[in-house]
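Position chains B, C and D against the provided structure of chain A, taking the given hints into account.
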Amino acid sequence: MYNDVVYFALNYRGVLMNLSFSKEDQEFQQEVRTFIENNYPSEIKEKQDQGIPLSKEDTIKWHKILNDKGWLAVNWPEELGGTGWTITQKHIFQNELAAANTPTLMPFGVNMCGPVIYTFGSDEQKEFHLPKILNGDIWWCQGYSEPGSGSDLASLKTKAEKKGDVYVVNGAKTWTTLAQHADWIFCLVRTDGSGKKQEGISFLLIDMKTPGVEVKPIITIDGTHEVNMVYFDNVEVPVSNLVGEEGFGWSIAKFLLAHERTGIAGIPSLKRELDRLRDITTQIQVGEGSLKDDAMFMSKLDKLEIKLTAAEYTELRTLAAMSAGGHPGPESSILKILGTDLQQELSDLFVEAVGYYAHPFMTEEDLASNESRIGPDFAAPVMPHYLNYRKVSIYGGSNEIQRNVIAKAVLGL
Amino acid sequence: MYNDVVYFALNYRGVLMNLSFSKEDQEFQQEVRTFIENNYPSEIKEKQDQGIPLSKEDTIKWHKILNDKGWLAVNWPEELGGTGWTITQKHIFQNELAAANTPTLMPFGVNMCGPVIYTFGSDEQKEFHLPKILNGDIWWCQGYSEPGSGSDLASLKTKAEKKGDVYVVNGAKTWTTLAQHADWIFCLVRTDGSGKKQEGISFLLIDMKTPGVEVKPIITIDGTHEVNMVYFDNVEVPVSNLVGEEGFGWSIAKFLLAHERTGIAGIPSLKRELDRLRDITTQIQVGEGSLKDDAMFMSKLDKLEIKLTAAEYTELRTLAAMSAGGHPGPESSILKILGTDLQQELSDLFVEAVGYYAHPFMTEEDLASNESRIGPDFAAPVMPHYLNYRKVSIYGGSNEIQRNVIAKAVLGL
Amino acid sequence: MDFSLTEEQQLLQDSINQFVEREYTFDDRKKFLDSEKGFNEENWKTFGSLGWLGMPFSEEDGGYNGGPVDVMVIMENLGKGLIVEPYVPSILLSGKILADLGSDEQKTNYLHPMISGEKIITFAYIEPQSRFNLSDCLTKATASDDGFILDGYKALVHNASASDTLIVSARTSGNQCDEKGISLFLVDANTKGVSLRNYSTIDGGKASELTLENVSIPKNSLLGAMDEGFSTIDNAIDLATLGICAEAVGIMGKMNEMTLEYTKTREQFEQKLSQFQALQHRMVDNFMHYEQSKSLLVMCAAKMNDNTEDKKKALASLKYQIGLSGKHIGEESIQLHGGMGVTDEMHIGHYFKRLTTIRTLYGNSDYHLSNYASL
Amino acid sequence: MDFSLTEEQQLLQDSINQFVEREYTFDDRKKFLDSEKGFNEENWKTFGSLGWLGMPFSEEDGGYNGGPVDVMVIMENLGKGLIVEPYVPSILLSGKILADLGSDEQKTNYLHPMISGEKIITFAYIEPQSRFNLSDCLTKATASDDGFILDGYKALVHNASASDTLIVSARTSGNQCDEKGISLFLVDANTKGVSLRNYSTIDGGKASELTLENVSIPKNSLLGAMDEGFSTIDNAIDLATLGICAEAVGIMGKMNEMTLEYTKTREQFEQKLSQFQALQHRMVDNFMHYEQSKSLLVMCAAKMNDNTEDKKKALASLKYQIGLSGKHIGEESIQLHGGMGVTDEMHIGHYFKRLTTIRTLYGNSDYHLSNYASL
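Residue numbers (my numbering), protein chains in the order written: chain A, 1 to 413; chain B, 1 to 413; chain C, 1 to 375; chain D, 1 to 375.
Hints were generated in silico from the structure; no laboratory data involved. Don't take every hint at face value.
[Stated by the list, open to error] Here are the simulated BS3-like cross-link-like pairs (lysine-lysine), alpha carbons at most 27 Å apart as the crow flies: (1) K272(C) to K408(A); (2) K300(A) to K119(D); (3) K300(A) to K313(D); (4) K311(D) to K292(B); (5) K313(C) to K292(A); (6) K327(C) to K292(B); (7) K272(C) to K196(B); (8) K311(C) to K197(B); (9) K300(A) to K311(C).
Since the structure is predicted, the reported quantities are computational estimates derived from the model, not experimental observations.
In isolation and in its complexed conformation, chain A is listed as follows (with noise of 0.2 Å):
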C-alpha cells in the first residue's frame, strides 16, 4: 500500500535510460549560450559578478530581455506565451541563464500569479494582466502570511467584506517581500469567518495604490529592507478582482505553494554557486598553500556537492514525472527540504571560507558603493547571505511544515 504511494509518486514508472543529450538538444543549448552572449547587458553582468545588489530597474530589463525572445514564461501554455518546450530544453535553459549568473527575476508575476490567473481566472483578468505580467509592466507581490498565521496558513484574518460591487479589505500581510516596489498585490483573504477555517479563505487581486493600503519596512538580520508589513484599511477592491468563486482560495494556495516548491530548490544556482567556491577556495592564502590543500574543509565541499547531485536528479525524476501527465503534487516538498539545506550549508561554507572577512558588516549600501571592499571582493557579500538566508528553510511553507505533508500525504502517516 505504501509501495503503491510511493511508486506512484517517486518511482516515476521508470528508470532513467540516457542522460546525454541529444542533438537537438545540444543546438538549443548553443542557442541559449549564444543569446546570453549577445544580449545580457554587460553593466548588469557586472554587478551580478560582484554581488552588487541590482536595482528594480536591472531586474525589469532582463525581464523584458528575455520576454522579447519568447523566454520568460518557460512554464506557459504555448498559446499564451509558453515556449513549449521539453524538460530536457527547460533543463538546459535554467542551467545556462544560472551559469551565466544573469539576474534571478521576481516569481510573484511569472511563476505565480500569471499561473493563477490563466488556470482560475476570469477572461477579463486574463486580458488585462497576462500581457502586463509578460512584459513586466506590472511587478506583483504576494500577500499570505500574517502577523498570527505563520505555518497555519489557514488561520489567517485579513477580513474582505463585500459591499456592493466592492470587497471592503481589513488586516494585515507580512513577510510581504519587495513589497516597496511591488504595484499590485495577490492577497488570501477571508471572505467568511464561519466554517471550516480553510473554506472561508478567497484570493483577491489588489492593487497597491489603492486608497488605505500602506507598506511597512521590516528590516532583517542582514541589515536589508526585502520585506515587509503590508497594511489594510478598509481598502475598497472591485468584485471583479476575485480569482474564481468565493471560497476557492485556499485551492488556489495549494496550486501554488506545490508549484514554488519546485522552483524553490534553486540547483541551477547552486551549482554555479558551488563551483565559484571551489574557485575561491584557491584563492585564500592558508600558510605555504591555499584553502584547496585543506583536506577537512575540501571534504564538506565534496559531501555538499554529492548531496547537490543526488537533489538535481531527484528534481530531474520529480520533473519526468511531471511532464508524464502529473503535475507537481506533495512530493515536491522533498525539493524544498533539500534545495534549502543545500543553499543554507553552502552559504555556511562560503563563510567559512573567508574566515575573518566575513566579520565585517556590509550594508546593500555598502556592496553597492564604489569604495574598495574590506577583505577580498568576494569575501564582502558572503556573510550577508548567510544571514538572509536563515529565512530559506522558513518561507514557502517552513520546512517543518513541508515534513508534516510528505508523512501525510506519501507516506499516508
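This is chains B, C and D only, laid out in the frame that chain A set:
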C-alpha cells in the same frame, strides 16, 4: 523561569574549580590499582581481553572478590555494606575497574533491587535479601517490559490477584536480560485495574523456581541468547514479597529508572574502548602505512573523544550535584542519551576500522572456542557488538522517552 | 533525457518481484541459509532459465545484451527479497571477468555453463592487508614448466565452498601495490594445495578464507594477458558496486516500508507510533535518504558507459551516499521498531545486517569520498 | 574535585547579572552601538570600578589575582547580556600581553590606566593572509637609530578606533610563518603613518583595517625581548579563547531560554509551538548541546594552569565544541522562531550574529580539531 529550572538542575551551585586529585585521592587510586593487580583472576582477565564471553561463574567469582574486599556495593549506605566514598573516589574506582577491563557485574541485584529493598522494603525483606545480594547468592533479573508495553511502561498488564496470603500472578514479561540464569525476578505487576494506570502497579519479588514461571529465549540479531520472555501462569507469590504498599510500584519504578540512567552512560568503559580503538588503528595495515594515517577516520575518532570528554564532565557535574544533597533527577536522562549515542557510534567506528573482517558471523560459541578466529583477534567481536548495541538506545527507557522526560521535566514543555 | 524503463525491463522487474513474493518467503530463505551451500540451487537454475544470469552478457557470449540499467533492475528487486543466491560474486564479478578476458575455449568451459546456472564461479581477490585497494596483491604466481604455481592467501571469498572454480588474482611482477603485474587465473576448486576455511557471514551469506599452497595450475588457466589484470578487476568491481548499490536501494525501500507498517500498527500511550510527530519527521528523513540514494543510483546506471572520469565520479558519489543512507536508514529503522527491531525473529534485522555489510563492500563511504576528491 | 564557585565568584556573577539587567536593556545596547566608539564609556568605567577589568591581573599589577575561572564567570555573564564593551581585546589580549611582558614603566603607563578604565588598548595581529595561524606575520619592524620603523597591514583590529594605544606584532627576523622572530610593540594611535579604516562588524562591534606606513616608534615601545613575542601571543590568545567560549556558553543558554519562551507563547494550528513533539525533541537537542559546551568550558577553565599539552587539548576540545554547538543552537534557535527569528527587531538574531562570529574567532572548529589531532 526557565532560568531557575535549568540553573537549579544543572548549574549545580557552581563551577568546577579544581580537577586535580588530592594526595589522599592519589593514594586511593594506587590502592585500587594494586588491589586489582593482585586480585583480578588471570583466566578471567584473559577472556575479557580477547572478547570471549564470560560464564556466569566468572562473573560471580569477580563479584565475590569485590564483596570480600567490601568494594561491591559502592553506593549503598555504609551501615549496610556501602563504601562511604566521595564522588572523587567513586570516579577513580570506576575508572580503574574499566581501565583494567574487569567484568561488568549485573546491575539487577546490587544496583537496582538492593537499593529498592533497603529504601522501601520490610525488615524481613532486608534481612533475607541484602546479604544474599552482596554475597552473589541470588542472581536477580528485572521484570518490567511486556509484549504490549514497551516505552509505555505504565500500560503493563501482568496481573497479581491477592488470594489469602498469596498473590496469584498471570502474564508475561519480555526483554528480561539473563533470566535464564536468574534465581529471582523483581516485577512490576498490576494489582488494581481501575483508576489511573500508574496507580494500580505494585512491586513484587518472585522466586524463579515457583511453579508456573517459564523462561523462553529471545534470540537477537547478533545471534545471542541474552534476553528472554518470562511467562507467569498462576504463579503463587507470598504477600510478604510485596515491596512497599500495593499501588506503590510506579514510584519505585521512577526511583529505579533515575538510578539506572546515571550508570547507563558507561563513561569509564567508553574511555578504555576508545583508547583500544586508537591502538587497533596502528595494527590495521593500509597500503604502506596503517589506519592511523587515515585522517578522515582519525578525525571521527577525535570528534568522538571530544564528545566523550563532554559527557564525562557532564556526568561529573551531575554526580557533584547529587553528592551535594540531590538525587538523580530527570536531568540524568541527558547522560543516558549521550552515553548510549557514544556507545553506538564507537561500536560503528570499530566496524569501520576492521573493514571486511567485520563480516564473518561470530557466535558466542565461536568467540568462546579455542579455534583460531577469522582475521585478527580484535576483529571478531566487533560486529556482534555493533549489532547487540542497537539495544542501548532502546532499553532503560528509549532515547525518545528520555527526550520526552527532558522536555517535560527539565525544559517545562 | 529519458527516464523510462523499456517494456522488457518492466517485465524483468515484474518477474523478479513475482519470484520474490511466491518463492522466497522468509521461511524459505531461512531454509536456504541453513543448507550446506547457503542458497538454493533450484533457484539458481530458475534464475538461469529466466535469463537473469545471462543478462549482462553479449549475445555472442550467450547472454541477453543487457546494460547497467538491467543489472540495476535485477539487483534492486533481488534486494527487496534479500536474495542470498550468488549473483554478485558469480555473475557480476567472475562473469564480467570471463566475458572481458576469456578465450573462446575458456568462455565455452566456464562462462556458458555459468550463464545456464550449471557452474558457480567466484572471484578471490581480497587479502588481509589490502583493505579496499584493488592493486594491493601479495599472492604470487610463478611460472613453472607446464603452467604456474600459486602461493598466497585470500580473504572473504564469497560462496567459495559452493564454487566449482575460482578466479584468483595473483602478482606476476611488480611490487605489493602496483597496478601493473597482477594476473588472473582460473583455479579448479579441487586442485591440490587449495584449502578453504568456510564460515557464515553476518548477512546470511557464506564466505571462505582461501589458502593457496604450492598450487600447480596449467598454462591455459591464465585469463587474458600476463601482468594486465588490474583494469579488468577494476571494471568488474565497478559493475558489482553498481549492483550492490541497487540492492541497497531495494533494501532501503523495503525497510522504510516495513517501518511505516510497524509504526502504523504498534500502539504506545494510546496512540499509534505513527502519530507521534517526532517519529513522523524521522520517517520523512528516512524517505528522503531513500530518494537521494535512488536518484544517484539512476544517474550512475546511466553513466556506466560514459568516459572513465564521469563513471568513476558517479560511482564514488553513489557508494558514498549508500554508505551514508545505509547507516541512517538501517539504524533508524531498528530504533523505530524498538525492542522488536533487535530480535532475530523480525525481518527488519536481517535487512539491516545485509545493508550493513554493503556499507563496507568494495569500499566504505570514506574510501569513496576520497576517490571522489581525487577525480 | 570541587565543583563550586567561591563566595567571591558568586558575588561577581550576581553583580554582572544585575548590571546586565539594570543597565543594559536592548535599547541601551542599541544606543551604545550607534555611538561613535561603539560602546559606552561610562559602562567601561563602571567595569573598572567594580574590579572586573582588573580581575585577571596580579595584585602587584594592580589587579585582583583572578584566575581562569573568574574570567569564565565574567565572560559567561557578559555574554548573556551581549555586552559590546571591549573586554576581550583590551583586557584579555592586550592586558595579558602587558602583564606578561611589560616593564615597570610600561605597566605604569599602560596596564594600570587600562585596569582603571581610563585607557583602551587593542591588539593588532591578524593579517589578510594569516587566517588562524598566529606565527604568520608579514608586518615588519626594522631597527632605526632611535627605535623602530613599522611597515605592514593588520586586519580586523577590534575597537581600534576607540583605542589610545595599539599593541602590534611585527616580524624582526625569520620567515613569514616562523614562530621565532616576532616582536611586540606599543604604538600610539596618533603616530604618523598609522591609518585606520574603520567599520562595523556583523555582531555589533567595531573593527578596523590598520595600515602602518613608515611608522617610527621609540626604543621603549618594544614589549619584552626581541624576536620572542610568539609564546606571549599564543598565551594571550588562549586566554581570550577561553573568554569567548564562556561568552558563547552564556549566549547559547540565553538563546535556548528565549526559544523556549517563544515557543511557549506562539500558537499555530491551535497549539503552542512548544506542544509539537518534533519541536520539543529539537529543543532537547539544543539543551544537550548547551550542557556539553558548558561541561567542556568548566573542564577547560580548570585546566588552564595545567601543563601545556593538557591545556591545549582542553582548549581545542572546547573551541571545537563551541563551533559545533554554536552553529547548531544558533541556526536552530532562528528556525524555531520562524519568520520572527530573522527580523532585526527580535533579540534572538543579535545573539545569533555574535555567536556566529565567535565560531570563527581564534580558529574555527576544523582548525581546533586539527590542533587536537596534533596533540
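Tested hints:
Among the hinted pairs, K272(C) with K408(A) is consistent with the structure: their alpha-carbon atoms are about 14 Å apart, no more than 27 Å. For the proposed pair K300(A) and K119(D), the alpha carbon gap of about 44 Å is over 27 Å, so the pair is violated. At most 27 Å may separate the alpha-carbon atoms for a hinted pair to count; K300(A) and K313(D) meet this at roughly 24 Å. Of the pairs offered as hints, the one joining K311(D) and K292(B) holds, with about 24 Å between alpha carbons and a cut-off of 27 Å not exceeded.
Pair hint K313(C) plus K292(A) holds up; C-alpha atoms about 19 Å apart against a cutoff of 27 Å. With a C-alpha separation of about 23 Å, the suggested pair K327(C) and K292(B) falls inside the 27 Å cut-off, and the hint holds. At most 27 Å may separate the alpha-carbon atoms for a hinted pair to count; K272(C) and K196(B) meet this at roughly 20 Å. Simply put, K311(C) and K197(B) have alpha-carbon atoms about 61 Å apart, too far for the 27 Å limit, and the pair is violated.
This hinted pair checks out: K300(A) and K311(C) have alpha carbons roughly 22 Å apart, not beyond 27 Å.
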